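Protein chains in written order, with my numbering: chain A, 54 to 400; chain B, 54 to 400.
What the hints contain is simulated information worked out from the structure, not anything from laboratory work.
Predicted model, so just to flag it, every value in this text is computed and none were measured.
It cannot be assumed that every hint is accurate.
Okay, the calculated beta carbon distance ranges per label pair [unchecked claim]:
(1) Gly104(A) / Gly104(B): 53 to 63 Å
(2) Asp226(B) / Trp319(A): 31 to 41 Å
(3) Glu87(A) / Leu82(B): 49 to 59 Å
Computed footprint of chain B on chain A, listed as stretches where at least three residues anywhere in the stretch have a Cβ under 8 Å from a Cβ of chain B [claimed, not checked]:
(4) 106 to 120
(5) 123 to 137
(6) 279 to 292
(7) 330 to 338
Yeah, the Cβ is synthetic: ideal placement off N, Cα and C, and Gly gets one too.
Protein chains: 2
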Amino acid sequence: MSEDTSYSPGDLRNTGMRLKHDREWDYELDRIVEAVDARDAETVGLQFPEGLKRRAPRVADDIRDLVECRVLISGQPCYGACDLDTYLMKRSDVFVHFGHSPMKETDKVIYVPLFSNVDVLPIMEEALSTLEVPSESSEVGLVTTAQHMNRFDEMRSFLEERGYRVRTRRGDDRLTHEGQVLGCNYASADVDAPQILYVGGGKFHPLGLAMEHPEKDVVIADPVNNVVTLADTEKFVKQRYAAVHKAMDAKTWGVIFCTKIGQGRWDEAEAILDENDDAYLITLDEVTPDRLRNFDFDAFVNTGCPRITTDDGPRFHKPLLTPGEYDAAVGNKPLSEIGFDTFHGTW
Amino acid sequence: MSEDTSYSPGDLRNTGMRLKHDREWDYELDRIVEAVDARDAETVGLQFPEGLKRRAPRVADDIRDLVECRVLISGQPCYGACDLDTYLMKRSDVFVHFGHSPMKETDKVIYVPLFSNVDVLPIMEEALSTLEVPSESSEVGLVTTAQHMNRFDEMRSFLEERGYRVRTRRGDDRLTHEGQVLGCNYASADVDAPQILYVGGGKFHPLGLAMEHPEKDVVIADPVNNVVTLADTEKFVKQRYAAVHKAMDAKTWGVIFCTKIGQGRWDEAEAILDENDDAYLITLDEVTPDRLRNFDFDAFVNTGCPRITTDDGPRFHKPLLTPGEYDAAVGNKPLSEIGFDTFHGTW
């Protein structure tokens, strides 16, 4: 295993962008061709997350080599299974969403998760020295992301063979698999164990885990960057407190309702509008600093994707809060009660 | 009249952003309230172009003071009458689009053009010294933008009183008014006159005019920046030739079909796909450098808004061509035949 000298314990800012491993993806062409045949499809829509968009033409070629059809590629930004390109979906006979596990699969919509082929056992071996040993606490919760879900049984066996009692659950409707977490949903970690082992890359998922389960130790085994860390929420909490404090003086509020199919929380938006005459509803799909810059509000509440609020928040020209943080800013609840914003249900 | 020392003849890069005049807009609240009453509307959707988005909360307040309803504000970017927020439109009982003249008005959709209150006569007076005098050529074509359309009769009278025979026409379906031009449509300048007087701001409209009507002199009277210029297309043509030359080596092409309601040209996209196996269809609404950067194509053809291709083109990581320029790049027609990309019909 190669050494990562940039590793700094507790620093969650490392992402999986600098890959140490080559990846080969299985685009599940057979399943796509089968659906095209079954539905007698003339048009096939393809949607890729940002990091995989460059594969689109090769996948299109592969499909057209196997079956006669017109392929349409979504150029919309895409950040999750919640983020289907509904325009293209409606206009395709078969619609394939790559890179995320299903939020709601139908005859027409195929999710192709694109599992990573990274070996997770070496970094799990390394994580053992950070986990409590089975003699002190046998229980460990095990969670991972969609990307590594294909190795979940392997992960479980690895821990069990070393004497751990592995606690897992599926979570809720928004999650496809036992043990799966999303950046907006950690219900699968709600298990009877004092520690959680998160196997996966990225910085946001383990942060959310630690925020959602402050009573548990969250050990991060990142097989992409080859690092083991303990989740540290301190910086994150300080940043959120600062945003809430800045928003406390706000006179006018822009309340964002996200129009993406799996990111709309109308009830949350409506509750704010009903109680606050200085709150105005803004509907949009992509929530970006550029798009909000032209609006002259003192602060914003984002009822859409929680990651945008907390991860991208500092890039916006005015404080951007989660619904829970809004409640603290206007005095509906004490600041100490703000938690991590999570998202439940599908659409 | 104040002097603009930054004025440089023929330079079309001045925009109307540094306003010399205050503007007061008429939001036509009576017409909105009437529609809300007539349709017994519970929800009113409002859409503003970028420069007017900051007015949204005040307009929302004014409407709610006059009639009971829920106001929803579109946060989508908006650049023209072709660019309705269809998500919000479908979900509002009355939908108001501010800042552009109607492309297709319905019972539900109200366009409020927001005419400028800038006096156009002083700059027209100044333009007389650049126009050919009536004794040499009495005919002059007169065009303007939606923003100054309320003063079109005044402009016409001004010229007629000075001995000109003013030639005007409506153009086509895409245009609401006699004498109106859009950035993508100059059919109203297709009149029997050797010179055109364009009254308006911005850089793109007069450039398009001059490109579309190379046999005419295009005199620009800009009442916003207080400058008179002659349109000069040389720099523009060089930039476009350079883009086409760069794209001549392209092996793979991304063909953009814009999903905005008034910006889709499916036939143009399909024609390219049908003749070129190395062309791939990409569907998206906002066509931006960021969104195309993740695609690994050698060049792109944009069948959507022509302004994005030619005005924003140099900001993209790969050559972005109009359909006509694509034909030149792949050898379907000589480079000398590429013209300005225009857009006809509504949707």
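Here is what the structure says about each hint:
Between Gly104(A) and Gly104(B) the Cβ separation comes to about 34 Å, which falls outside the hinted range of 53 to 63 Å. Between Asp226(B) and Trp319(A) the beta carbons are some 37 Å apart, a value that agrees with the proposed interval 31 to 41 Å. In this structure, Glu87(A) and Leu82(B) meet the distance hint of 49 to 59 Å, their C-beta atoms being roughly 57 Å apart. Figure legend: the segment 106 to 120 of chain A, annotated as covered by chain B; annotation consistent (5 residues with Cβ-Cβ distances under 8 Å, at least 3 required).
Evaluation of the coverage hint for the segment 123 to 137 of chain A: fulfilled, as 8 residues show C-beta separations to chain B shorter than 8 Å, against a requirement of three. For the segment 279 to 292 of chain A, the stated coverage by chain B is violated: 0 residues have a C-beta nearer than 8 Å to a C-beta of that chain, whereas at least 3 were required. Note: the segment 330 to 338 of chain A has 6 residues with beta-carbon separation from chain B under 8 Å; the three-residue rule is met and the coverage holds.
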